[in-house]
Amino acid sequence: NAGVTQTPKFQVLKTGQSMTLQCAQDMNHNSMYWYRQDPGMGLRLIYYSASEGTTDKGEVPNGYNVSRLNKREFSLRLESAAPSQTSVYFCASSGQGLGEQFFGPGTRLTVL
Amino acid sequence: GESVGLHLPTLSVQEGDNSIINCAYSNSASDYFIWYKQESGKGPQFIIDIRSNMDKRQGQRVTVLLNKTVKHLSLQIAATQPGDSAVYFCAEKEANQAGTALIFGKGTTLSVSS
Numbered sequence: 001n002a003g004v005t006q007t008p009k010f011q012v013l014k015t016g017q018s019m020t021l022q023c024a025q026d027m028n029h030n031s032m033y034w035y036r037q038d039p040g041m042g043l044r045l046i047y048y049s050a051s052e053g054t055t056d057k058g059e060v061p062n063g064y065n066v067s068r069l070n071k072r073e074f075s076l077r078l079e080s081a082a083p084s085q086t087s088v089y090f091c092a093s094s095g096q097g098l099g100e101q102f103f104g105p106g107t108r109l110t111v112l
Numbered sequence: 001g002e003s004v005g006l007h008l009p010t011l012s013v014q015e016g017d018n019s020i021i022n023c024a025y026s027n028s029a030s031d032y033f034i035w036y037k038q039e040s041g042k043g044p045q046f047i048i049d050i051r052s053n054m055d056k057r058q059g060q061r062v063t064v065l066l067n068k069t070v071k072h073l074s075l076q077i078a079a080t081q082p083g084d085s086a087v088y089f090c091a092e093k094e095a096n097q098a099g100t101a102l103i104f105g106k107g108t109t110l111s112v113s114s
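Respectively, the protein sequence lines represent chains A and B. When you line the first sequence up against my numbering, it's residues 1 to 112, in that order. When you line the second sequence up against my numbering, it's residues 1 to 114, in that order.
Take these hints with a grain of salt, some might be off.
To be verified - Each computed BS3-like pair below joins lysine-lysine, with the alpha-carbon atoms no more than 27 Å apart: (1) A:57 x B:42; (2) B:71 x B:56; (3) B:37 x B:71; (4) B:106 x A:57; (5) B:71 x A:9; (6) A:71 x A:57; (7) A:71 x A:9; (8) A:14 x B:42; (9) B:56 x A:71.
To be verified - Not close to chain A: a few residues of chain B, all C-beta gaps over 12 Å, as computed: (10) 18; (11) 71; (12) 82; (13) 107; (14) 109; (15) 112.
Simulated from the structure, these hints should not be mistaken for lab results. Treat the numbers as computed from the prediction; the structure is a model and nothing was measured. Quick reminder that beta carbons are idealized off the backbone N, C-alpha and C, glycines included.
Chain A extracted, bound-state conformation (with noise of 0.2 Å):
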């Protein structure tokens, strides 16, 4: 199993492109994340799909939209990047129970 995979590893935009991070795991979890994370804190949660068919906002929603194209993919859009944008994205996954999450290896975005 290769868990959770994250593609692209690096990316560089231009204010106002825009571009889509992709997420996938073969764990078959029914719930999936997008956090990112700062120079100096903790992950910030962004969206998350508890299953299915169903997502809902985080605690830094804006600027951001999510798609769960089934159980295993969720990506995370920046229809506009900004340089406040600029940030390590997580991804992550967990099924029932308690909650545990199995994070990917990240994508490291910058915006100019």
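We have chain A; now place chain B onto it with these hints.
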């Protein structure tokens, strides 16, 4: 909103020492806590978890203690090794949250010197 925090941003220890990383939380409704380890350039990795109906849980070289009276969580690492150098995050789950979204603290950087 209520959030999870850590007492110290950095901790430096010698190889072989025992390490204790502390975390304070403010939401008495939280019922599940996790410790994650994050190495440079990688995603967080699960270390150990504990439910609110427990006070202590042990893993391999790690122990998590939960004191609900003072809302305090700690991670103890026995015989700390250079490979334990990383950022450690505590996280909590609130019982009234939809799904299983976690709230993370800011992290403690553990540095182990030989």
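Against the structure, the hints:
no.: 1; hint: A:57 x B:42; in the structure: 25 Å, holds
no.: 2; hint: B:71 x B:56; in the structure: 14 Å, holds
no.: 3; hint: B:37 x B:71; in the structure: 21 Å, holds
no.: 4; hint: B:106 x A:57; in the structure: 21 Å, holds
no.: 5; hint: B:71 x A:9; in the structure: 37 Å, violated
no.: 6; hint: A:71 x A:57; in the structure: 18 Å, holds
no.: 7; hint: A:71 x A:9; in the structure: 22 Å, holds
no.: 8; hint: A:14 x B:42; in the structure: 25 Å, holds
no.: 9; hint: B:56 x A:71; in the structure: 35 Å, violated
no.: 10; hint: 18; in the structure: 24 Å, holds
no.: 11; hint: 71; in the structure: 17 Å, holds
no.: 12; hint: 82; in the structure: 22 Å, holds
no.: 13; hint: 107; in the structure: 6 Å, violated
no.: 14; hint: 109; in the structure: 9 Å, violated
no.: 15; hint: 112; in the structure: 20 Å, holds
The earlier numbered hints that this structure contradicts are 5, 9, 13, 14.
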